Amino acid sequence: MKRLDVRGEVCPMPVLKTKKAMEEISEGEILEIILDYPPSRENVRRFLLSQGHEIIEMVEEGGVTRIKARKRKEAS
Amino acid sequence: MGPEDLGKILEGLPLPKNERLLVGIEKLDDAGVYLLREDLALVQTVDFFTPIVDDPFWFGQISCANALSDVYAMGGEPITALNIVCFPRELDLSVLKEILRGGLKKLEEAGVVLVGGHSVEDPEVKYGLSVTGIVHPQKIVRNQGARPGDVLVLTKPIGTGIISTAIKAQMAEERTILKVSEVMATLNREASQVMVEIGVNACTDITGFGLLGHMCEMVEGTQVDFYVYSSQVPVFEEALYFAKIGLVPGGAYRNKSFRSHMVDFYGVDEVMRDVLFDPQTSGGLLMAVPREKLSSLLEGLKKRGQSAWVIGEVKEGSGRIKVFGDGAPLP
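Sequences listed follow chains X and S, in order. For the first sequence, position 7 matches number 7 in my numbering, and the numbering has no gaps at all. For the second sequence, position 280 matches number 1280 in my numbering, and the numbering has no gaps at all.
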C-alpha cells in the first residue's frame, strides 16, 4: 500500500497530490492519504469519488484524517 | 480571515464611538463612512491579498477593482487611492511593475488619483489599495435596509474562489482563467452609478464571505428573509465542475460553518451549497431593489453594458436566508 502524507498542506495541494499519487499506482492498488487540514477532508473525499475510486476506510483521530482508497479499474 | 475569527477579535475592543462616524465596523459594512459636513461624507476602505492569477498585470487590475468595489457598494465615488505592496527580495522587479501598471489602468478607468503608497519586503507577493471616496450622507447605500417586496439583483457570476483554487492546482484552462480575470477586473462603477440613480434599499459587494455569507449580513437581526432561487444564480460552469472534484477553497467551508444556522436549503445539493458560500474576489453588487423600480434598474444596467440577474426576493421574516433548488416546493 502506498502512503501519501500531506499533513501541514492546505487546499488545493492535498487534492493535487492525491491526483498525482493515484496516477502513479496500478489499478486496484490502495493508497493511504494522511491529512490534517479540515477542508481537505471533504475535498479529497469528493475528488476520489468523482474519479470513480473506492473509499475503503476514512477515519479521523485527533485532527488527523486517514483515507484508504482503491484505484478504480478502467472499464474494459 | 474568516468571519468567525474576525468577530472574536473585535469583541471587547474599545471601538470608537463618534457622532460623525455614520458607518463603522460594528455592522461589518463594506466601507467606513465619516461625516465631513451636511452634504458630504468620506468613504474609506482598504483591501489587499496574494495573487489569485499568475499574470501580474491581471492581478494588479483585479486587486484594484476589488479595492474600489467597497466604495461603489456604499453608493460612493472613489477619488484617491494609496498602493499597498508586499514583495519578496528575490523576485524580479518587473513583476511588481506589471502589478502596479494593472492597478493604474483600473484607477484611470475609475477616474481615481493615485496619491502614494507603501511597500514592505515579504516572502509572499501581496498587492492592494487603500481607497478614499465621497458620498452624500443621505445617499449612503448600506448592507441592511432591504424591505419586504424587494427584489434581489446580482451583477456578476459567482465561483471565482473555486476557480482560483483550480488555478493554484494548475487544473484550470487558459480560456477559463481569462474569462474569470475579465469579470473580476470589471469595475462595479457603472452598476453603482445606475444603482444610485434609480435608488435601492440595500446593497453590498460579494467578496470573501461568499454570496450567502454576505446575504446573512444583510438580514442579520432584521425583520426580513431573503428567498433565493439557486437556479437563477449566475455561476461559472467551471466552478461547478471544480467543486465536484474537490477544489473548494477552505474559506468556503469556513463561511458555510459560520453561517449555516441562518440558512435553510430546500432541494439544493452539497456542491451548489459550497458554490453559494464560495469566497469571491471582486464579486458583483447584490442589491435589494423595490419591485416597482426593478425594470428601470435592469434597463439602466443593460444600457451601461452591465450584466444583471434577478436571483431572489425579500419577504417578511426573522433574518433568515431560504435557498430553493430546482423544483423545490415553496413552504
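Hints are computed from structural coordinates only; laboratory data are not their basis. Keep in mind that a hint or two might mislead.
[To be verified] Here are the simulated distance ranges between beta carbons:
no. : chain 1 : residue 1 : chain 2 : residue 2 : range
1   : X       : E23       : S       : S1295     : 32 to 42 angstroms
2   : S       : M1001     : X       : E60       : 50 to 60 angstroms
3   : S       : R1291     : X       : E57       : 50 to 60 angstroms
4   : X       : E24       : S       : R1304     : 48 to 58 angstroms
5   : X       : G62       : S       : T1080     : 44 to 54 angstroms
6   : S       : Q1138     : X       : G52       : 56 to 66 angstroms
7   : S       : E1004     : X       : G52       : 32 to 42 angstroms
8   : S       : D1264     : X       : L49       : 23 to 33 angstroms
Remember, it's a predicted structure, so these values are computed and weren't measured experimentally. For glycine and all other residues, C-beta sits at the position ideal for the given N, C-alpha and C.
Hints, one by one, checked against the model:
1. E23(X) - S1295(S): 32 to 42 angstroms: Check failed, 53 angstroms falls outside 32 to 42 angstroms.
2. M1001(S) - E60(X): 50 to 60 angstroms: Given range 50 to 60 angstroms: violated, Cβ gap about 25 angstroms.
3. R1291(S) - E57(X): 50 to 60 angstroms: Holds - the Cβ-Cβ distance for R1291(S) and E57(X), about 54 angstroms, lies within 50 to 60 angstroms.
4. E24(X) - R1304(S): 48 to 58 angstroms: 52 angstroms, holds
5. G62(X) - T1080(S): 44 to 54 angstroms: 51 angstroms, holds
6. Q1138(S) - G52(X): 56 to 66 angstroms: 59 angstroms, holds
7. E1004(S) - G52(X): 32 to 42 angstroms: With a Cβ separation near 36 angstroms, E1004(S) and G52(X) satisfy 32 to 42 angstroms, so the hint holds.
8. D1264(S) - L49(X): 23 to 33 angstroms: 26 angstroms, holds
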